[in-house]
Structure formats: structure tokens, C-alpha cells
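Going line by line, the protein sequences match chains A and B.
Once you know that position 50 of the first sequence is 50 in my numbering, the rest is easy, because the numbers rise by one and skip nothing.
Quick note: to get my numbering, add 81 to the position in the second sequence (first position is 1).
Keep in mind that the hints were calculated from the coordinates and are not lab data.
Bear in mind the structure is a predicted one, so any value in this text is a computation, not a measurement.
Treat each hint with caution, since some may be false.
[To be verified] One side only, chain A facing chain B, incomplete, derived with CB under 8 Å:
{"id": "1", "residue": "Phe8"}
{"id": "2", "residue": "Ala9"}
{"id": "3", "residue": "Ser10"}
{"id": "4", "residue": "Gly39"}
{"id": "5", "residue": "Ala52"}
{"id": "6", "residue": "Arg57"}
{"id": "7", "residue": "Arg60"}
{"id": "8", "residue": "Ile75"}
{"id": "9", "residue": "Pro76"}
{"id": "10", "residue": "Val78"}
{"id": "11", "residue": "Gly80"}
Don't be surprised by glycine CBs; every beta carbon is placed ideally from N, CA and C.
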Amino acid sequence: MKVRALFFASYREIMGGAEFDVDLPDGATVSDLITLLRGRSDAASVLPSDPAVAVNRSYRTSDALLADGDEVAVIPPVAGG
Amino acid sequence: MMSRARITTEPIEPQALLAGVGDPSRGAVILFLGVVRNHNDGHGVEGIRYDAYDEMARGTLEEILVEAEERYGVGHLAAVHRVGELGIGEVSVAIAVSSAHRAEAFDASRYVIEEIKVRLPVWKKERFEDGTSEWVAGKQPEVSAEGGA
Numbered sequence: 001m002k003v004r005a006l007f008f009a010s011y012r013e014i015m016g017g018a019e020f021d022v023d024l025p026d027g028a029t030v031s032d033l034i035t036l037l038r039g040r041s042d043a044a045s046v047l048p049s050d051p052a053v054a055v056n057r058s059y060r061t062s063d064a065l066l067a068d069g070d071e072v073a074v075i076p077p078v079a080g081g
Numbered sequence: 082m083m084s085r086a087r088i089t090t091e092p093i094e095p096q097a098l099l100a101g102v103g104d105p106s107r108g109a110v111i112l113f114l115g116v117v118r119n120h121n122d123g124h125g126v127e128g129i130r131y132d133a134y135d136e137m138a139r140g141t142l143e144e145i146l147v148e149a150e151e152r153y154g155v156g157h158l159a160a161v162h163r164v165g166e167l168g169i170g171e172v173s174v175a176i177a178v179s180s181a182h183r184a185e186a187f188d189a190s191r192y193v194i195e196e197i198k199v200r201l202p203v204w205k206k207e208r209f210e211d212g213t214s215e216w217v218a219g220k221q222p223e224v225s226a227e228g229g230a
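Go ahead and model the full structure; you've got the sequences and the hints to work with.
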């Protein structure tokens, strides 16, 4: 399956892009995606191992199952207001 | 009609927000404004760039308003968060609440700004007087098992 990973703020700088598609095996979780992302480059390895994540625009825990076509945003600590 | 929970690149107009919550049966109206200040943590600040996950932030802000309504039984709420480059003194966030009485209006307004601070997917990068800039250390949203935050 394929999911779309989105990055914002400091994580966008770490990952070197705002979004890209990622191939994952069926049954993959949020945690599996983060592990794969952290292995993409030396720079990406500083991404936290358990960041906040939103799947299809709702916060989800790291054990949440992903599905083909999901929009998965890796959310840096928020600083609105 | 303009949505009551908005993320915008345009300057915020507090008067328009107030007009949106007005109601003859509500005797108390609270307006909270968050404004860009000229210092943080001992550094002189020249301005702030706000970024948001727009598509999610609109829904999260609406969720927060619904929760405030349910908790405090207030009449009408509206909130808007600005994104983009802001200068000192510009309004970054505005919250308006109207209610029959003042206590719940203050409580609901406080609830909305505190929840924005811990879960709205918005980030800010400060520009300092010395020409450097830095993402502001934020809060990690708490995520419950059933989803939501």
C-alpha cells in the first residue's frame, strides 16, 4: 500500500520536503512508517521515534493501523496562539 | 455565512468577530486577542512566521469550540488564527464568546486559548533582531487511544 506523508515546520526542514509518498507493507502501523522515515537519511534520523501523528487529519496513536491512500502528517510540538 | 472557526492569511478584524457572536439575550461578551510581542526568552523579536496544517487546523479549532460550548453552556463562539508573516503588535489569534453571564464566558474563552496552545497544528518561527530565526519550542499534543487529542 501507499500512504502520503506530510511534514511541517522543523520536521519539513529535517525531512527536506513537505510531503512524499511512502510504500508500506499491508498491516503497517504509524510506528512502522516513522521507523522507515527515520531511516531515509542521516538528517531524517533526528526525527523523534514517537512524534505526534495525524491520520486523515485526526491525531492517532503510534499503534494505529494504516490503510492505502491515508494522509499521515507528522506533527512537531505545536506552538499556536 | 463565514465559518466560526477559521485559519486565515488576512489581518484579523476583531470587530467582525464580535459582530458574529452578538445576541440580545447574551449580556456578557469576551474578546481575547493574542498579539505578537517584541521579546521572548531574553531575545529581541522582530516578527513571527506562523505555519499551519490548514486542512486539519480548521477542524481541530471547530472541535475545540464545540467542547467549550458543551462544557460551559455558552451562547456563541468564534475563533480565528492567522498564518504567514506577522509583525510586532499584529493579532495572531482572536477568540470571541458571548454568554448570558460573565463567568462562563471567561471560562470558555480561557478553555479555547489553552486548547489551541496544546493541540492546534500551528507552528511559529521567530525572527530575532540579530538576523537569526528559530522555531519556537512547542507542546507535544497528547493523543488518546480512541483518536482525538
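How the hints compare with the structure:
Checking Phe8 of chain A against chain B by beta carbon gives a least distance of about 6 Å; that is within 8 Å, so the hint holds. Given the 8 Å rule on beta carbons, the hint for Ala9 of chain A holds: about 4 Å separates it from the nearest Cβ of chain B. The interface hint given for Ser10 of chain A holds, since its Cβ lies 5 Å from the closest Cβ of chain B, which is under the 8 Å cut-off. The criterion of a C-beta within 8 Å of any C-beta in chain B is not met by Gly39 of chain A, whose closest approach is roughly 22 Å, and the hint is violated.
Interface restraint check for Ala52 of chain A: the shortest CB-CB distance to chain B comes to about 5 Å, inside 8 Å, so the restraint holds. The interface hint given for Arg57 of chain A is met, as the beta carbon of that residue sits about 4 Å from the closest beta carbon of chain B, less than 8 Å. With its C-beta approaching chain B no nearer than about 6 Å, Arg60 of chain A sits inside the 8 Å limit, and its interface hint holds. Look at Ile75 of chain A: its Cβ gets to within about 6 Å of chain B, closer than 8 Å, so that hint holds up.
A distance limit of 8 Å between C-beta atoms decides the matter here; for Pro76 of chain A the minimum to chain B is near 6 Å, and the interface restraint holds. The closest approach between the C-beta of Val78 of chain A and any C-beta of chain B is roughly 5 Å, which is under the 8 Å cut-off, so the hint is satisfied. Because the closest C-beta pair between Gly80 of chain A and chain B is about 3 Å apart, less than 8 Å, the hint holds.
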